[in-house]
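> Residues per chain are reported as follows:
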Amino acid sequence: MKFGLYGFLFAMWSLIIIGGGMMVILLGPFSIQQYGDFHWIIASGIKVSVALILVVIWILILSKLKNYIFKKELKF
Amino acid sequence: MIDLIIPAIISCILAFSVVYFTTPPLIKILVKKNYTVKDMNKKQDVMVARPGGISIILAIIVSEIILYSFFQLNEIIAIIITTTAAFAIGYVDDRKVMGGWFKPVTLAVAALPIIFLGTYDSNLAFPLFGDVQIPLLYLGLIIFMIPITGNTINSIDVLNGVASGFMVIASFTLSICLFILGNYEIAIVSLPLGFVSLAFYKYHKIPSKIFPGDSGALAFGAMYGTIAIVGGVEIIAAIALLPAVINSFLFLSSVKRVVEHRQIKGKPVEHTDDFKLKATTDKKAPVTLVRLILAGGPLTEKQVGFVIFKLGIFSGMLAIITAFMMGVSL
Chain A
1 MKFGLYGFLF AMWSLIIIGG GMMVILLGPF SIQQYGDFHW IIASGIKVSV ALILVVIWIL
61 ILSKLKNYIF KKELKF
Chain B
1001 MIDLIIPAII SCILAFSVVY FTTPPLIKIL VKKNYTVKDM NKKQDVMVAR PGGISIILAI
1061 IVSEIILYSF FQLNEIIAII ITTTAAFAIG YVDDRKVMGG WFKPVTLAVA ALPIIFLGTY
1121 DSNLAFPLFG DVQIPLLYLG LIIFMIPITG NTINSIDVLN GVASGFMVIA SFTLSICLFI
1181 LGNYEIAIVS LPLGFVSLAF YKYHKIPSKI FPGDSGALAF GAMYGTIAIV GGVEIIAAIA
1241 LLPAVINSFL FLSSVKRVVE HRQIKGKPVE HTDDFKLKAT TDKKAPVTLV RLILAGGPLT
1301 EKQVGFVIFK LGIFSGMLAI ITAFMMGVSL
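Chains A and B are the protein sequences, given in the same order.
Note that the working numbering has the first sequence beginning at 1, numbered continuously upward.
Note that the working numbering has the second sequence beginning at 1001, numbered continuously upward.
Everything labelled a hint here was simulated from the structure, so no lab data went into it.
There could be a bad hint or two in this list.
In silico DSS-like cross-links for lysine-lysine, where the CA-CA straight-line distance does not exceed 30 Å [as the list claims (entries may be wrong)]: (1) B:LYS1310 <-> B:LYS1096; (2) B:LYS1202 <-> B:LYS1284; (3) B:LYS1267 <-> A:LYS71; (4) A:LYS71 <-> B:LYS1302; (5) A:LYS71 <-> B:LYS1284; (6) B:LYS1256 <-> B:LYS1202; (7) A:LYS64 <-> B:LYS1265; (8) A:LYS64 <-> B:LYS1310; (9) B:LYS1096 <-> B:LYS1205; (10) A:LYS64 <-> B:LYS1256.
Owing to the predicted nature of the structure, the values given are computational and were not obtained by experimental measurement.
Can you build the whole structure from these sequences, using the hints too?
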């Protein structure tokens, strides 16, 4: 059980590193120029949406991992 | 360098001493006024003074004001205001039972000074991959971060000494990471949090003489979150806090809504005849970190606390590795 918790911690850490990398790759170079003064608002809105999607995916993967790592313990 | 060492030493000594010397009289006053709660994990009816947040916030304010006299940083002002506001929110909750919405919403408001004082950098730094500029998203992150760190620390305040002991590990880890990244001023500003937690742990460890209460736990969490933002180490701070994050994640994913602990019907943990802690089989009860730890068999309160501390040390090591990885670019 204790190793399961350490494994889960390590998995969360790995997901943070990978998710962060995806965020930098996807959102870092992203910019919009053709909408005048509003370009940064539109670009930020799109960045927010992509970031939220990434967070949702992150939580879904984490839930699956949790069920896999703790499948024995979670039969409460 | 001496310009940094002297304020660091003075503030750390003050942070530790204020808690160390003000907590015993505070316990006496709280007991005299009957501000006590039952320690649910003791066989006998043991009443424990609460809230210890008063000595915690006093030490934080004193040590940070001393640091401000040396550095005149807006970041210190942001830390003082946000932490004090979080303490006040927790104190209201200690005195009066508030709804589940109260703490998240008011803690989000408590985060506003960080924005108004401009003490943040909207570049979010990730290890290996570099920074990403997210101006609008970052404002949302500030608003969410303080309620999350505050409630996360509050949610692990379930056993004697766990919240303060875990805070010692997480906050010193954060300070070490700030030093590794060369952010020396904020590293020094963060040190009092570790020393306040350490001094409070002396009275909070098993058998507790005082509980931090929501006021203490929220002050700890809010200060930790504010340091993470003003120091630009949000990701590292989240990693150092992972065991507590797991607890919140397990709780939320089993309950599936934001709810106060007292509103939960099922009991995740019960006691054996020799008063060890044991995971229940109640399907209505939330899954928590303590319940998962106890899934392997009954343990004493002290043993469960040490398992949480070991997890804290492990995630602290991952945070330090991450700090070193910040300097590496793929």
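> Tell me the numbers of any earlier hints that the structure contravenes, in ascending order.
Checked against the structure, the hints that fail are numbers 1, 2, 6, while the rest are satisfied.
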